[in-house]
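Using the sequences plus the hints, can you model the full thing?
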Amino acid sequence: MKKTLIILVSVVLVISFTLFMSVGCQTGTTTATTTGAAATTAAATTAAATTAAAATTAAAATTAAAGEKKAADFEIVFIVKADGIPWFDVERLGLEQAAKDYGFKASVVGPPKADAALQAQMVEDYISKGVQAIAVCPNDPASIEPVFQKANQAGILTFGHEGSSFKNVSFDIEAMSNEVFGQSIMTDGIKLTGGKGGYVASVGFLTSVSHNLWVDAELAYQQKNAPDFKDLLGYNKGSDRFEEKEDQSIAHDKILEYIKTYPDLSLVIGSPMTTGAAAGVAIEEKGLAGKLFFVGTGLPITIGKYLKTGNFGVGYFWDPYQVGYALGYVALNTWLGKAPMKGDAVVKPDGSKNPGYETLDIITNSNGGNVIFGTGQVRIDDKNVDEWYQKFADYGWKQQ
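The working numbering puts the sequence shown at residues 1 to 400.
Honestly, I wouldn't trust all of these hints.
30 Å max Cα-Cα, derived BS3-like pairs, lysine-lysine [stated by the list, open to error]:
1) K69 <-> K150
2) K167 <-> K338
3) K305 <-> K245
Label-pair distances were calculated between CB atoms; the ranges are [to be verified]:
4) T261 <-> G238: 15 to 25 Å
5) D386 <-> V281: 17 to 27 Å
6) T261 <-> G130: 52 to 62 Å
7) D125 <-> D73: 16 to 26 Å
Hint data in this document are derived by calculation from the structure and do not stem from the laboratory.
All C-beta atoms, glycine included, are put in the ideal place defined by N, C-alpha and C.
Next up, the structure:
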(Lines of atoms letter the chains of each structure in order from A and count residues from 1; the text may use other names and numbers.)
(Lines give C-alpha, C1' and ligand atoms only; values in the text may rest on other atoms or scores of the structure.)
Protein backbone atom coordinates (compact mmCIF):
# COMPACT_ATOMS: atom_id res chain seq x y z
CA MET A 1 0.00 0.00 0.00
CA LYS A 2 2.81 2.36 0.92
CA LYS A 3 4.62 1.55 -2.30
CA THR A 4 1.46 2.25 -4.31
CA LEU A 5 1.01 5.61 -2.56
CA ILE A 6 4.59 6.61 -3.36
CA ILE A 7 4.05 5.75 -7.03
CA LEU A 8 0.82 7.81 -7.16
CA VAL A 9 2.50 10.83 -5.57
CA SER A 10 5.36 10.57 -8.07
CA VAL A 11 2.93 10.50 -11.00
CA VAL A 12 1.13 13.60 -9.71
CA LEU A 13 4.43 15.46 -9.33
CA VAL A 14 5.48 14.59 -12.89
CA ILE A 15 2.13 15.76 -14.32
CA SER A 16 2.30 19.00 -12.30
CA PHE A 17 5.82 19.73 -13.52
CA THR A 18 4.79 19.05 -17.12
CA LEU A 19 1.84 21.46 -16.84
CA PHE A 20 4.04 24.11 -15.28
CA MET A 21 6.62 23.87 -18.06
CA SER A 22 3.91 23.91 -20.74
CA VAL A 23 2.42 27.15 -19.41
CA GLY A 24 5.72 28.81 -18.57
CA CYS A 25 7.24 28.34 -22.03
CA GLN A 26 4.44 30.10 -23.90
CA THR A 27 4.22 33.82 -24.75
CA GLY A 28 1.59 36.08 -26.34
CA THR A 29 -2.14 36.41 -25.76
CA THR A 30 -4.11 35.12 -28.70
CA THR A 31 -1.76 32.13 -29.11
CA ALA A 32 -1.58 31.11 -25.44
CA THR A 33 -1.37 27.32 -25.06
CA THR A 34 -2.63 26.53 -21.60
CA THR A 35 -3.46 22.83 -21.70
CA GLY A 36 -6.99 21.67 -22.42
CA ALA A 37 -7.34 20.17 -18.95
CA ALA A 38 -6.29 23.37 -17.21
CA ALA A 39 -8.46 25.51 -19.47
CA THR A 40 -11.47 23.28 -18.90
CA THR A 41 -11.01 23.41 -15.13
CA ALA A 42 -10.69 27.20 -15.20
CA ALA A 43 -13.80 27.54 -17.34
CA ALA A 44 -15.75 25.26 -15.03
CA THR A 45 -14.76 27.04 -11.82
CA THR A 46 -14.74 30.66 -12.98
CA ALA A 47 -18.19 31.71 -14.15
CA ALA A 48 -17.13 35.31 -14.63
CA ALA A 49 -14.21 34.58 -17.00
CA THR A 50 -13.30 37.55 -19.14
CA THR A 51 -13.32 37.60 -22.97
CA ALA A 52 -9.51 37.54 -22.93
CA ALA A 53 -9.50 34.46 -20.73
CA ALA A 54 -12.06 32.82 -23.02
CA ALA A 55 -9.82 33.50 -26.00
CA THR A 56 -6.90 31.87 -24.17
CA THR A 57 -9.06 28.87 -23.31
CA ALA A 58 -10.20 28.48 -26.94
CA ALA A 59 -6.66 28.61 -28.28
CA ALA A 60 -5.40 26.24 -25.60
CA ALA A 61 -8.14 23.68 -26.17
CA THR A 62 -7.53 23.80 -29.90
CA THR A 63 -3.79 23.25 -29.48
CA ALA A 64 -4.17 20.45 -26.96
CA ALA A 65 -6.69 18.59 -29.12
CA ALA A 66 -4.38 18.76 -32.10
CA GLY A 67 -1.29 17.36 -30.39
CA GLU A 68 1.80 19.07 -31.72
CA LYS A 69 -0.01 21.45 -34.07
CA LYS A 70 -0.40 25.03 -32.91
CA ALA A 71 -2.58 27.79 -34.33
CA ALA A 72 0.51 30.02 -34.49
CA ASP A 73 1.99 27.65 -37.08
CA PHE A 74 -1.02 27.92 -39.39
CA GLU A 75 -1.13 30.33 -42.35
CA ILE A 76 -3.92 30.75 -44.89
CA VAL A 77 -4.02 32.91 -48.00
CA PHE A 78 -7.39 33.82 -49.51
CA ILE A 79 -7.28 34.62 -53.25
CA VAL A 80 -10.29 36.72 -54.22
CA LYS A 81 -11.68 37.43 -57.69
CA ALA A 82 -9.86 40.73 -58.08
CA ASP A 83 -7.85 43.11 -55.92
CA GLY A 84 -9.21 46.49 -54.84
CA ILE A 85 -12.90 45.51 -54.56
CA PRO A 86 -14.47 46.84 -51.32
CA TRP A 87 -16.59 43.69 -50.86
CA PHE A 88 -13.45 41.58 -50.56
CA ASP A 89 -11.87 44.19 -48.30
CA VAL A 90 -14.69 43.54 -45.82
CA GLU A 91 -14.18 39.76 -46.17
CA ARG A 92 -10.52 40.39 -45.36
CA LEU A 93 -11.52 42.17 -42.12
CA GLY A 94 -13.53 39.15 -41.03
CA LEU A 95 -10.72 36.72 -41.84
CA GLU A 96 -8.17 38.91 -40.06
CA GLN A 97 -10.40 39.07 -36.98
CA ALA A 98 -10.60 35.27 -36.86
CA ALA A 99 -6.80 35.15 -37.20
CA LYS A 100 -6.42 37.62 -34.34
CA ASP A 101 -8.92 35.75 -32.15
CA TYR A 102 -7.30 32.35 -32.65
CA GLY A 103 -3.67 33.29 -33.21
CA PHE A 104 -2.97 32.24 -36.80
CA LYS A 105 -1.71 34.09 -39.88
CA ALA A 106 -3.96 35.18 -42.74
CA SER A 107 -3.75 37.33 -45.85
CA VAL A 108 -6.09 38.26 -48.70
CA VAL A 109 -4.77 38.83 -52.20
CA GLY A 110 -6.19 38.98 -55.70
CA PRO A 111 -5.23 39.52 -59.32
CA PRO A 112 -5.35 43.09 -60.73
CA LYS A 113 -8.45 42.10 -62.73
CA ALA A 114 -11.03 39.33 -62.60
CA ASP A 115 -9.07 36.71 -64.51
CA ALA A 116 -9.26 32.96 -63.87
CA ALA A 117 -5.82 32.24 -65.31
CA LEU A 118 -4.21 34.82 -63.03
CA GLN A 119 -5.94 33.28 -60.01
CA ALA A 120 -4.64 29.85 -60.97
CA GLN A 121 -1.11 31.23 -61.24
CA MET A 122 -1.42 32.79 -57.80
CA VAL A 123 -2.37 29.39 -56.37
CA GLU A 124 0.78 27.97 -57.98
CA ASP A 125 2.83 30.74 -56.39
CA TYR A 126 1.51 30.05 -52.90
CA ILE A 127 2.03 26.31 -53.28
CA SER A 128 5.73 27.08 -53.70
CA LYS A 129 5.66 29.30 -50.59
CA GLY A 130 4.46 26.40 -48.46
CA VAL A 131 1.45 27.92 -46.70
CA GLN A 132 -0.81 25.53 -44.81
CA ALA A 133 -4.03 26.47 -46.63
CA ILE A 134 -5.17 28.25 -49.78
CA ALA A 135 -8.72 29.51 -50.31
CA VAL A 136 -10.14 30.89 -53.56
CA CYS A 137 -13.27 32.82 -54.51
CA PRO A 138 -13.10 31.70 -58.14
CA ASN A 139 -13.82 33.54 -61.35
CA ASP A 140 -14.07 30.09 -62.95
CA PRO A 141 -14.02 27.06 -60.63
CA ALA A 142 -12.93 24.67 -63.40
CA SER A 143 -9.68 26.56 -63.91
CA ILE A 144 -8.82 26.24 -60.21
CA GLU A 145 -9.43 22.50 -59.86
CA PRO A 146 -6.07 21.38 -61.36
CA VAL A 147 -4.00 23.69 -59.16
CA PHE A 148 -6.07 22.80 -56.09
CA GLN A 149 -5.31 19.16 -56.81
CA LYS A 150 -1.63 20.05 -57.03
CA ALA A 151 -1.85 21.89 -53.72
CA ASN A 152 -3.48 18.89 -52.04
CA GLN A 153 -0.72 16.64 -53.35
CA ALA A 154 1.76 19.01 -51.71
CA GLY A 155 -0.05 18.63 -48.39
CA ILE A 156 -1.78 22.02 -48.54
CA LEU A 157 -5.45 22.28 -47.57
CA THR A 158 -7.75 24.03 -50.05
CA PHE A 159 -11.01 25.89 -49.49
CA GLY A 160 -13.51 27.71 -51.67
CA HIS A 161 -16.12 30.44 -51.40
CA GLU A 162 -18.69 30.93 -54.18
CA GLY A 163 -17.38 27.67 -55.60
CA SER A 164 -19.96 25.12 -54.50
CA SER A 165 -19.06 22.83 -57.43
CA PHE A 166 -15.44 22.42 -56.25
CA LYS A 167 -14.14 18.86 -55.98
CA ASN A 168 -10.59 19.31 -54.70
CA VAL A 169 -11.36 21.15 -51.46
CA SER A 170 -11.66 20.32 -47.81
CA PHE A 171 -14.71 22.58 -47.82
CA ASP A 172 -16.37 25.21 -49.94
CA ILE A 173 -17.98 27.72 -47.58
CA GLU A 174 -21.23 29.44 -48.51
CA ALA A 175 -23.25 31.93 -46.52
CA MET A 176 -26.49 30.11 -47.31
CA SER A 177 -28.01 27.36 -49.40
CA ASN A 178 -28.11 28.32 -53.07
CA GLU A 179 -31.56 26.75 -53.36
CA VAL A 180 -32.96 28.69 -50.41
CA PHE A 181 -31.42 31.90 -51.74
CA GLY A 182 -33.06 31.48 -55.14
CA GLN A 183 -36.40 30.51 -53.65
CA SER A 184 -36.37 33.57 -51.39
CA ILE A 185 -35.70 35.86 -54.35
CA MET A 186 -38.56 34.39 -56.38
CA THR A 187 -40.91 34.50 -53.39
CA ASP A 188 -40.38 38.26 -53.17
CA GLY A 189 -40.71 38.59 -56.95
CA ILE A 190 -44.12 36.96 -56.89
CA LYS A 191 -45.23 39.18 -53.99
CA LEU A 192 -44.04 42.36 -55.71
CA THR A 193 -45.86 41.60 -58.96
CA GLY A 194 -48.82 39.67 -57.63
CA GLY A 195 -47.66 36.89 -59.93
CA LYS A 196 -48.82 38.87 -62.95
CA GLY A 197 -46.90 39.45 -66.16
CA GLY A 198 -43.50 37.90 -66.62
CA TYR A 199 -39.86 38.16 -65.70
CA VAL A 200 -36.30 37.88 -67.00
CA ALA A 201 -33.39 36.62 -64.90
CA SER A 202 -29.71 37.41 -65.27
CA VAL A 203 -26.42 35.67 -64.50
CA GLY A 204 -23.00 37.24 -64.61
CA PHE A 205 -21.66 34.49 -66.84
CA LEU A 206 -23.20 31.27 -68.04
CA THR A 207 -20.29 29.56 -66.24
CA SER A 208 -21.04 31.30 -62.90
CA VAL A 209 -21.88 28.38 -60.62
CA SER A 210 -23.75 30.17 -57.83
CA HIS A 211 -25.65 32.48 -60.17
CA ASN A 212 -26.93 29.59 -62.22
CA LEU A 213 -27.94 27.60 -59.16
CA TRP A 214 -29.94 30.58 -57.90
CA VAL A 215 -31.75 30.94 -61.22
CA ASP A 216 -32.43 27.19 -61.35
CA ALA A 217 -34.08 27.45 -57.93
CA GLU A 218 -36.03 30.58 -58.93
CA LEU A 219 -37.49 28.99 -62.03
CA ALA A 220 -38.38 25.76 -60.26
CA TYR A 221 -40.09 27.65 -57.44
CA GLN A 222 -42.06 29.83 -59.87
CA GLN A 223 -43.26 26.89 -61.95
CA LYS A 224 -44.50 25.11 -58.84
CA ASN A 225 -46.00 28.06 -56.96
CA ALA A 226 -47.00 30.65 -59.58
CA PRO A 227 -47.53 28.82 -62.90
CA ASP A 228 -49.16 31.83 -64.56
CA PHE A 229 -46.09 33.96 -63.91
CA LYS A 230 -43.78 33.26 -66.83
CA ASP A 231 -40.10 33.39 -67.66
CA LEU A 232 -40.33 35.49 -70.80
CA LEU A 233 -37.08 33.95 -72.09
CA GLY A 234 -38.60 30.47 -71.97
CA TYR A 235 -37.49 27.40 -70.07
CA ASN A 236 -34.73 25.92 -72.20
CA LYS A 237 -31.65 25.66 -69.99
CA GLY A 238 -29.12 28.27 -71.00
CA SER A 239 -31.38 30.52 -73.04
CA ASP A 240 -33.83 30.86 -70.12
CA ARG A 241 -31.51 33.44 -68.51
CA PHE A 242 -29.41 36.27 -69.86
CA GLU A 243 -25.69 36.83 -69.43
CA GLU A 244 -24.59 40.36 -68.62
CA LYS A 245 -20.88 39.69 -67.89
CA GLU A 246 -21.11 41.57 -64.57
CA ASP A 247 -21.16 44.79 -66.58
CA GLN A 248 -23.79 47.38 -65.67
CA SER A 249 -23.88 48.90 -69.16
CA ILE A 250 -24.52 45.52 -70.77
CA ALA A 251 -27.23 44.77 -68.21
CA HIS A 252 -28.83 48.16 -68.80
CA ASP A 253 -28.97 47.70 -72.57
CA LYS A 254 -30.45 44.22 -72.26
CA ILE A 255 -33.13 45.41 -69.82
CA LEU A 256 -34.12 48.19 -72.22
CA GLU A 257 -34.29 45.61 -74.99
CA TYR A 258 -36.57 43.38 -72.91
CA ILE A 259 -38.81 46.31 -71.93
CA LYS A 260 -39.33 46.96 -75.62
CA THR A 261 -39.73 43.31 -76.62
CA TYR A 262 -41.98 42.18 -73.77
CA PRO A 263 -44.76 44.68 -72.91
CA ASP A 264 -45.88 42.48 -69.99
CA LEU A 265 -42.44 42.46 -68.35
CA SER A 266 -43.08 43.11 -64.65
CA LEU A 267 -39.91 41.87 -62.94
CA VAL A 268 -36.17 41.84 -63.46
CA ILE A 269 -34.25 39.30 -61.38
CA GLY A 270 -30.54 39.90 -60.95
CA SER A 271 -27.89 37.43 -59.82
CA PRO A 272 -24.91 39.80 -60.23
CA MET A 273 -25.18 43.12 -58.41
CA THR A 274 -24.70 45.02 -61.65
CA THR A 275 -28.20 44.01 -62.77
CA GLY A 276 -29.90 45.77 -59.87
CA ALA A 277 -28.14 49.08 -60.51
CA ALA A 278 -28.92 48.77 -64.23
CA ALA A 279 -32.58 48.02 -63.52
CA GLY A 280 -32.84 51.11 -61.33
CA VAL A 281 -31.55 53.34 -64.11
CA ALA A 282 -33.76 51.72 -66.76
CA ILE A 283 -36.90 51.98 -64.63
CA GLU A 284 -36.22 55.67 -64.02
CA GLU A 285 -35.53 56.35 -67.69
CA LYS A 286 -38.74 54.68 -68.82
CA GLY A 287 -40.94 55.99 -66.02
CA LEU A 288 -41.87 52.47 -64.91
CA ALA A 289 -41.61 52.89 -61.14
CA GLY A 290 -44.29 50.79 -59.49
CA LYS A 291 -44.87 48.85 -62.73
CA LEU A 292 -41.54 47.14 -63.29
CA PHE A 293 -39.81 45.77 -60.20
CA PHE A 294 -36.42 44.36 -59.29
CA VAL A 295 -35.40 41.59 -56.93
CA GLY A 296 -31.99 40.00 -56.62
CA THR A 297 -28.55 40.67 -55.23
CA GLY A 298 -27.94 44.24 -54.27
CA LEU A 299 -26.17 46.33 -51.63
CA PRO A 300 -27.06 49.76 -50.29
CA ILE A 301 -24.36 51.22 -52.54
CA THR A 302 -25.88 49.64 -55.69
CA ILE A 303 -29.64 49.86 -55.13
CA GLY A 304 -30.16 51.74 -51.85
CA LYS A 305 -31.41 54.96 -53.43
CA TYR A 306 -33.94 53.02 -55.49
CA LEU A 307 -35.11 50.96 -52.51
CA LYS A 308 -35.83 54.13 -50.57
CA THR A 309 -38.54 55.09 -53.10
CA GLY A 310 -40.63 52.24 -51.73
CA ASN A 311 -41.71 51.00 -55.16
CA PHE A 312 -38.54 49.47 -56.58
CA GLY A 313 -38.17 46.05 -55.01
CA VAL A 314 -35.95 44.00 -52.71
CA GLY A 315 -32.24 43.29 -52.47
CA TYR A 316 -30.42 40.20 -51.18
CA PHE A 317 -26.84 39.61 -50.13
CA TRP A 318 -24.80 38.12 -47.30
CA ASP A 319 -22.47 39.77 -44.82
CA PRO A 320 -18.94 39.52 -46.25
CA TYR A 321 -17.35 40.09 -42.84
CA GLN A 322 -19.03 37.01 -41.38
CA VAL A 323 -18.02 34.89 -44.40
CA GLY A 324 -14.39 35.90 -43.90
CA TYR A 325 -14.55 34.98 -40.22
CA ALA A 326 -16.18 31.63 -40.96
CA LEU A 327 -13.56 30.82 -43.59
CA GLY A 328 -10.72 31.39 -41.14
CA TYR A 329 -12.38 29.40 -38.37
CA VAL A 330 -13.22 26.42 -40.57
CA ALA A 331 -9.78 26.35 -42.22
CA LEU A 332 -7.87 26.48 -38.93
CA ASN A 333 -9.94 23.80 -37.27
CA THR A 334 -9.75 21.54 -40.30
CA TRP A 335 -5.95 21.83 -40.26
CA LEU A 336 -5.94 21.05 -36.54
CA GLY A 337 -7.92 17.87 -37.19
CA LYS A 338 -11.19 19.28 -35.85
CA ALA A 339 -13.13 19.71 -39.09
CA PRO A 340 -16.68 20.96 -38.50
CA MET A 341 -19.59 18.57 -38.65
CA LYS A 342 -23.20 19.10 -39.60
CA GLY A 343 -24.97 20.99 -36.83
CA ASP A 344 -21.78 22.61 -35.51
CA ALA A 345 -21.37 26.38 -35.26
CA VAL A 346 -18.65 28.88 -36.06
CA VAL A 347 -17.71 29.93 -32.53
CA LYS A 348 -15.86 32.96 -31.24
CA PRO A 349 -13.36 32.68 -28.38
CA ASP A 350 -15.93 33.96 -25.88
CA GLY A 351 -18.22 31.06 -26.81
CA SER A 352 -20.71 33.13 -28.81
CA LYS A 353 -21.80 31.86 -32.21
CA ASN A 354 -21.00 33.75 -35.40
CA PRO A 355 -24.16 35.37 -36.85
CA GLY A 356 -25.43 33.39 -39.82
CA TYR A 357 -23.28 30.39 -38.91
CA GLU A 358 -24.98 29.19 -35.73
CA THR A 359 -25.93 25.83 -37.26
CA LEU A 360 -23.90 24.59 -40.21
CA ASP A 361 -25.29 22.36 -42.90
CA ILE A 362 -22.77 20.22 -44.79
CA ILE A 363 -23.45 18.38 -48.02
CA THR A 364 -21.44 16.53 -50.64
CA ASN A 365 -21.88 18.05 -54.10
CA SER A 366 -22.21 16.10 -57.34
CA ASN A 367 -18.42 16.24 -57.83
CA GLY A 368 -17.69 14.76 -54.42
CA GLY A 369 -16.69 18.05 -52.79
CA ASN A 370 -17.82 19.12 -49.32
CA VAL A 371 -19.92 22.27 -49.08
CA ILE A 372 -20.74 24.14 -45.87
CA PHE A 373 -23.89 26.26 -45.81
CA GLY A 374 -24.76 28.85 -43.21
CA THR A 375 -28.03 30.73 -42.85
CA GLY A 376 -26.54 34.14 -43.49
CA GLN A 377 -28.63 35.64 -46.26
CA VAL A 378 -29.66 39.26 -45.73
CA ARG A 379 -32.80 40.89 -47.15
CA ILE A 380 -32.99 44.67 -47.57
CA ASP A 381 -35.85 46.93 -48.58
CA ASP A 382 -36.94 50.51 -47.92
CA LYS A 383 -37.49 49.74 -44.24
CA ASN A 384 -34.03 48.49 -43.23
CA VAL A 385 -31.63 49.78 -45.88
CA ASP A 386 -30.39 52.57 -43.59
CA GLU A 387 -29.31 50.00 -41.00
CA TRP A 388 -27.06 48.39 -43.59
CA TYR A 389 -25.68 51.70 -44.77
CA GLN A 390 -24.49 52.12 -41.17
CA LYS A 391 -23.24 48.54 -40.83
CA PHE A 392 -21.02 48.82 -43.89
CA ALA A 393 -19.79 52.22 -42.68
CA ASP A 394 -18.77 50.50 -39.45
CA TYR A 395 -16.78 48.05 -41.55
CA GLY A 396 -14.99 50.99 -43.14
CA TRP A 397 -16.93 50.90 -46.40
CA LYS A 398 -19.12 54.00 -46.63
CA GLN A 399 -21.85 53.39 -49.19
CA GLN A 400 -23.46 56.82 -49.27
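The hints, checked one at a time:
Of the pairs offered as hints, the one joining K69 and K150 holds, with about 23 Å between alpha carbons and a cut-off of 30 Å not exceeded. Between K167 and K338, the direct Cα distance comes to roughly 20 Å. Compliance with the 30 Å bound is thereby established for this hinted pair. For the proposed pair K305 and K245, the alpha carbon gap of about 24 Å is at most 30 Å, so the pair holds. Between T261 and G238, the C-beta spacing of about 19 Å keeps the proposed range 15 to 25 Å intact.
For D386 paired with V281, a C-beta distance near 22 Å keeps the hint of 17 to 27 Å intact. With their beta carbons about 55 Å apart, T261 and G130 fall inside the hinted range of 52 to 62 Å. With their beta carbons about 21 Å apart, D125 and D73 fall inside the hinted range of 16 to 26 Å.
No hint from the list above goes unmet by this structure.
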